[in-house]
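Knowing the structure of chain E, use the given hints to seat chain S on it.
There are 2 protein chains.
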Amino acid sequence: MTVIEQMGARAKAAARVLAGAGAQKNKALLSIAKALRENCEKILKANDIDIENGKNAGLTASLLDRLKLTEERVEGIAEGVEQVAALKDPIGDVLSGNKLENGLEIRRIRVPLGVIGIIFEARPNVTADAAALCLKAGNAVILRGGKEAINSNKAIAEIMREAVEKTGLPKDSIQLIEDTTRASSTELMGLSDYLDVLIPRGGAGLIKAVVENAKVPVIETGVGNCHVYVDEYADIDMAANIIFNAKTSRPSVCNAIETILVHSKTAEKALPVIKARLDEKNVELRGCPKTAEILGDCVKPATEEDYYKEFLDYILAVKVVDSFEEAVDHIAKYSSGHSECIVTENYTRACEFLNQVDAAAVYVNASTRFTDGGQFGLGAEIGISTQKLHARGPMGLNELTSSKFVIMGNGQIR
Amino acid sequence: MTVIEQMGARAKAAARVLAGAGAQKNKALLSIAKALRENCEKILKANDIDIENGKNAGLTASLLDRLKLTEERVEGIAEGVEQVAALKDPIGDVLSGNKLENGLEIRRIRVPLGVIGIIFEARPNVTADAAALCLKAGNAVILRGGKEAINSNKAIAEIMREAVEKTGLPKDSIQLIEDTTRASSTELMGLSDYLDVLIPRGGAGLIKAVVENAKVPVIETGVGNCHVYVDEYADIDMAANIIFNAKTSRPSVCNAIETILVHSKTAEKALPVIKARLDEKNVELRGCPKTAEILGDCVKPATEEDYYKEFLDYILAVKVVDSFEEAVDHIAKYSSGHSECIVTENYTRACEFLNQVDAAAVYVNASTRFTDGGQFGLGAEIGISTQKLHARGPMGLNELTSSKFVIMGNGQIR
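For the protein sequence lines, the chains are E and S, in the order given.
Using this note's numbering, the first residue of the first sequence is number 1, and each one after it goes up by one.
Using this note's numbering, the first residue of the second sequence is number 1, and each one after it goes up by one.
Chain E extracted, bound-state conformation:
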């Protein structure tokens, strides 16, 4: 057995204990939060090494900022774990049930998934967030973080493991793969004897690699090529407001928009208003010829590739469309199926957009930035699924569970 196979076997054993753990899981979570606070200094010291290494490796300022932990951020992580402890335990919920004519009583019960693998990049807070959610839903977790955060991750994982063990649950409920070479993530993707699901959290490259190479079931997360369509019946100020918010409030996240589509009947009026708002943040516009005609030379020409791109930056592609259908077709072709919005005051257009657009979240007259577990009231979020199987959209605790049929009889045969 390889090191990672051994981790898989230990995780599977831990998962059997966790499946029946009940209230003990909350004790473990509170113990983790306490231990994270008490060991803050240790975590920050480990983080210092990562930051130092990151600087030497020439990481960008924004990547270093993601990597950086402070006393406040560690406190934030600990509070996050406590919030997970406060959520209702979903395990054991009866999802449906009936009694057959032959007397068999059937119930479908919510159970943990089992062993969850999570592959993530430079954010060390994911180590604690993801582990807490998995634990709360009764799952053992194997974490494989990026090499940039390895020292921080090791410190956090070790603190969590000890805290869990103190409360009597197996410390192997949470494990971290310390080998950050490509070989370890490849092996994790193939660990089908032990893993029930693998969740990649990170950029498009990581997610693509996992989806293509994994032999275990994967939940695809987080790539967001999102659109706002400004219908001919849109309230133009509302449209400008929503576009400004959806593009500029946090351009680096997956629920930010990348392209706007503007109906040709309103484009001449709407585009200058929209541009004026976006100028406040110096957003670069890449537009179709009609956009350039209306807005002038400030618009760079949009390439076919631009419409596929998740800029994650102060860049917005613009296209003038001649009909509602053209807008819906454009979205069907280029969207990643994350979040899509129509701005309109027309009832039928609103209904048709909601029905025809195929995405995890479809909006009328609201910013796509709301696609988030916290905003939707799910309590916490392990990621945003952009696939259709198992989970779609923000994933909370319920999405970290499976179900089983429980059948009680008194001798029935078929």
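In short, the hints are calculated from the structure, not lab data.
These figures come from a predicted structure and were not determined experimentally.
Backbone N, C-alpha and C define an ideal beta-carbon position, used for all residues, glycine too.
Take the hints with a grain of salt, since some may be wrong.
[Stated by the list, open to error] Taking lysine-lysine and the DSS-like style, the derived pairs with C-alpha atoms no more than 27 Å apart in a straight line are:
hint, chain 1, residue 1, chain 2, residue 2
1, S, K12, S, K99
2, S, K215, E, K12
3, S, K171, E, K333
4, E, K208, E, K333
5, E, K309, S, K215
6, E, K12, S, K208
7, E, K333, S, K215
8, E, K215, S, K215
9, S, K166, E, K309
10, E, K12, S, K309
11, E, K215, S, K154
12, S, K42, S, K68
13, E, K208, E, K154
14, S, K99, E, K88
15, E, K215, S, K208
16, E, K147, E, K68
17, E, K171, E, K34
18, S, K290, S, K300
19, E, K27, E, K171
20, S, K208, S, K309
21, S, K154, S, K68
22, S, K166, E, K208
23, S, K88, E, K99
24, S, K12, E, K208
25, E, K27, E, K154
26, E, K12, S, K333
27, E, K12, E, K45
28, S, K34, S, K55
29, S, K265, S, K215
30, S, K42, E, K215
31, E, K34, E, K55
32, S, K88, S, K12
33, S, K333, E, K171
34, S, K34, S, K166
[Said to hold, decoys possible] Which bits of chain S does chain E cover? Going by a derived footprint, with three or more residues having C-beta under 8 Å, they are:
hint, stretch
35, 191–199
36, 274–285
[Claimed, not checked] Label pairs and their computed distance ranges (CB to CB):
hint, chain 1, residue 1, chain 2, residue 2, range
37, S, K269, E, N410, 18 to 26 Å
38, S, N346, E, K68, 55 to 63 Å
39, S, N355, E, E101, 24 to 32 Å
40, E, Y314, S, G190, 47 to 55 Å
Coordinates of chain S only, in the frame set by chain E:
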């Protein structure tokens, strides 16, 4: 674009139409049923060629029987399609909903998965069954059947496509891959730009190949290494009755049992009673040394491998266990997570078994043969999932759907 990529693109276009099709789907299903009846002779002629080829290729009698269509079987297929038409349409169901403090109204709505690929083996009835279920749930389907049934499948698929087109829905709602070489199934497994899910239906070899090689999300179906555990508190006659039913009523199916575990405190009494029942069908027993001690020379020694095996035959592995825990551990190690049963009159044992055993269906005092969509009241079944993601256990129409969040606002920004 390859032939199969072109099929994928056409399926995706058809899926967009089907997603909004409503009652038209039922018209298409009834049109299919009618066309199957009217073209029965054509189907049987095509089937004759498959049977002839099968005989020449030396197929076993049981495989030839699976392949064989008769007037009655075609009538059964047509009736099956009508039964699917009569089921409630799950699309558009509101799964949950709430209103946020900021006024956003959120609903989670059931939507089709999109494009479903199905890889299956020698049964031509699957062509119609699977296509009908996919269509009813608003999905386009790409079928890839086994080469043994290719002539029957082509006839059935062509009849269905024409019948669908007559009702105004796209004929590419249903497509059959006519190339039955390994290359075509490999390509289908990698068709991630077009397929939302791939469902293999067939033997363990096919399913393993799909799970290991697919780059699209897969729902694993149907491998059943199922157990009955006869507890020390079991009613012995009930145990013998359940074991006889679960082993011999249809040994070739996935919900039949392969191993029984008998508590040592009841083994001496129970095993002879169980054996007497199984002797009626000449079931071969492969047992542990204790089993042989009790039952004598008729018991062949069970190898480690036997406990992993899905015999799908009149063969049963037997193991005497010294405790409840040993039984549960054995199941955790060898089970495929399909259907597991305890026979006991002890309340606590029953509860613990239901809680601790991790399988799609867990029974107290009833035959595992009930694990079936029809028996569970799901109306129809596309297969039995043995994975934990998305669907677990018998899969009906709901399991062929996804969901999306629909959010209605009046200008909200974050």
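Please name the hints from earlier in the document that this structure breaks, with their numbers sorted from lowest to highest. Violated hints (numbers, rising): 1, 9, 11, 22, 27, 28, 29, 30, 31, 36, 40; every other hint is consistent with the structure.
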